[in-house]
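With full-length UniProt numbering, letter number 21 in the sequence shown gets 21, and the count goes up by one each step, no holes.
These are computed hints drawn from the structure, not numbers from a lab.
Treat the hints with care, since some could be wrong.
No more than 25 Å apart at the CA atoms, straight line, and that leaves these computed lysine to any residue pairs for SDA-like [what the hints assert, rightly or not]: (1) K54 / H7; (2) K54 / R67; (3) K54 / E37; (4) K54 / Q15; (5) K54 / E13; (6) K54 / D31; (7) K54 / L23.
Here are the simulated distance ranges between beta carbons [unchecked claim]: (8) G24 / G53: 18 to 26 Å; (9) D35 / S71: 14 to 22 Å; (10) A4 / S72: 15 to 23 Å; (11) D44 / G24: 31 to 39 Å; (12) D44 / S71: 23 to 31 Å; (13) G5 / S72: 13 to 21 Å; (14) S71 / A40: 17 to 25 Å; (15) H56 / S34: 29 to 37 Å.
Everything numeric in this text was worked out from a predicted model, so none of it was measured.
Virtual Cβ for every residue (Gly too), placed ideally from N, Cα, C.
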Amino acid sequence: MTRAGCHACERAEQQVERICTELGVEWSTADVDSDTEWRAEYGDRVPVILVDGKEHGYWTVEEDRLRAALSS
């Protein structure tokens with residue numbers, strides 16, 4: 001979950017893209033402000049990382065933890 005104009009989101013997207021590319025895992029982004037439910041759930045914690053639709057982390061990418069989750 002990202003937000004337009006969010007510099008932390010831009011950094012997180014770059015990290016997730018790099019990690020997912022290395023692991024051969026598909027990924028995507030969604031604008032938290034495009035949906036009222038997403039904004040209510042995640043809006044104060046962007047960027048939010050979801051793995052298989054479940055919240056994995058927020059604000060920063062914990063690389064080792066994300067790699068482990070994507071590799072299992």
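For a quick check of understanding: which of the numbered hints are violated here, in increasing order?
9, 10, 13, 14, 15
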